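Protein chains: 4
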Amino acid sequence: MRFFEQAQGVYFDDLDPLHILHNARYVLLFERTLGAFWMELGLGPFQASDRPEQFHLVARNEIDYLAPVRGVGRVRVRLWIERIGTSSLTVAFRLLPTDRDVEYARGRRAIVHVDPQTLRPQRWSDDVRALLAPYTEAAG
Amino acid sequence: MRFFEQAQGVYFDDLDPLHILHNARYVLLFERTLGAFWMELGLGPFQASDRPEQFHLVARNEIDYLAPVRGVGRVRVRLWIERIGTSSLTVAFRLLPTDRDVEYARGRRAIVHVDPQTLRPQRWSDDVRALLAPYTEAAG
Amino acid sequence: MRFFEQAQGVYFDDLDPLHILHNARYVLLFERTLGAFWMELGLGPFQASDRPEQFHLVARNEIDYLAPVRGVGRVRVRLWIERIGTSSLTVAFRLLPTDRDVEYARGRRAIVHVDPQTLRPQRWSDDVRALLAPYTEAAG
Amino acid sequence: MRFFEQAQGVYFDDLDPLHILHNARYVLLFERTLGAFWMELGLGPFQASDRPEQFHLVARNEIDYLAPVRGVGRVRVRLWIERIGTSSLTVAFRLLPTDRDVEYARGRRAIVHVDPQTLRPQRWSDDVRALLAPYTEAAG
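Chains as they are written, first to last, in the working numbering: chain P, 1 to 140; chain H, 1001 to 1140; chain B, 2001 to 2140; chain G, 3001 to 3140.
Bear in mind the hints are in silico, worked out from the structure with no lab data behind them.
Honestly, I wouldn't trust all of these hints.
[Said to hold, decoys possible] Beta-carbon label-pair distances, calculated as ranges:
no. : chain 1 : residue 1 : chain 2 : residue 2 : range
1   : H       : V1114     : B       : Q2117     : 41 to 49 Å
2   : G       : A3133     : P       : M1        : 50 to 58 Å
3   : P       : F3        : G       : A3133     : 44 to 52 Å
4   : G       : D3101     : P       : R129      : 28 to 36 Å
Given the structure is predicted, the values throughout are model-derived calculations rather than measurements.
For every residue, glycine included, the Cβ atom is placed at its ideal position computed from N, Cα and C.
Full structure from sequences and hints, please.
Below, the structure is given as structure tokens:
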């Protein structure tokens, strides 16, 4: 199984008064990396109302904070597909330093593919499934 | 068991291109309400390095998105203490409309009380425990 | 001439590592207060693509930072219309403490009323002009 | 005179309901590029309380929005020093597409070098002046 990894910047405005990356910013770092992954697969921007084949809603976010990210700099975000269902998907995330093999945080996001008009769950297309397969732990 | 509830604004800059509250903003709405709760208890600001008795790190966030929050306006955030341990604490959150009894989202945050210098877990003081008791589901 | 004033919260996540309100957040505090003003006038949300009579683009922002806002708490934002032109508008802002007559910051925002489809400048309607008149320094 | 230029990402969460880059985010794109410039000069992070030789406060921001930035993607931020005074500095910014010679926005930030303890204006050191000289339009 493959993973997708991208470096992301941590900026002054991302830090909180404790001089560490604010806990809400992790959601953005994960989402931005997922957007880049989506683009790399040729699926267009992460979330666009004119791409019905990949339109989805966020169903769940979870993050475990293992060690604070201190000061500005760069981090790596790694992701893969933990599980793909009929119309849902769970993405696993890791937040890592650029130069060591420890973990700052682990996350998970569940999304549901829906029809842009009715917002009712839709089956992922075979094309999307095929694109995601190499990055997927389990299908069911 | 009591809960704490506060209205929070949803602003233009909180909305995403789908015209709904961006999923990362829920973390901020929850955190801000927790800050107000902390203040109401007389514990000072939610997180201040000069208040060693309440200094803590975020250990985990989780959010289930049940129904999108559409457009600008006001929402209610309700919280209570789900469980207080020796040096940890889990807060439960609900995001609610101001005028109906449905749920936009459910969340949970785990924090760990640490020593501001060493960052090692610290026992919550009896004072903090006593203040939180009326809002607490379970202690253990 | 009247002004419009509203209290706004300053939250933990608004603070930067210097423990002061981050300079970019002033733009949001001003915009949110402008949104509330717009609502109070009955003009609907500050910016909504389905309200063609008030649809506009931001042409300019400027802010002078006079004294840092330290820590979490509440501030007042005061605004009035500095000048209304045929299709443009300049709003003046002041950021103030809740309990003293000093100024944290002065700002100004210029907006241009445009057609939502063509994005070409549109004349403000007489209705909008009449609503804004009591808050306006100069028209021309 | 030289300029410094860096590509910056525009992400889903940077877009507003009009599907354009939110006006407040320009301040962050400019600040982040200034931070990278500071690092490239060897001045350390843009703003760090333990680097007294570069410690400063933001005195003024201004931005003219010339054309909306639509959708996610990448932009270029260009900056140079417009003027350096005894203890102040004005940075000029341009926001540009990655592939055309038009301007999305022009900005300017004035900062004042201060003593981290007293917050009173300090003379820029000769070292900082020398580092900035190649990027500076006017000194005085």
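Comparing the hints with the structure gives:
1. Checking the proposed 41 to 49 Å range against H/V1114 and B/Q2117 shows it is violated: the Cβ atoms sit about 55 Å from each other.
2. Taking 50 to 58 Å as the suggested C-beta distance range, the pair G/A3133 and P/M1 conforms, at roughly 53 Å.
3. At roughly 46 Å, the beta carbons of P/F3 and G/A3133 sit within the given window of 44 to 52 Å.
4. Distance hint for G/D3101 and P/R129: a CB-CB separation of about 42 Å, inconsistent with the stated range 28 to 36 Å.
Of the numbered hints listed earlier, those contradicted by the structure are 1, 4.
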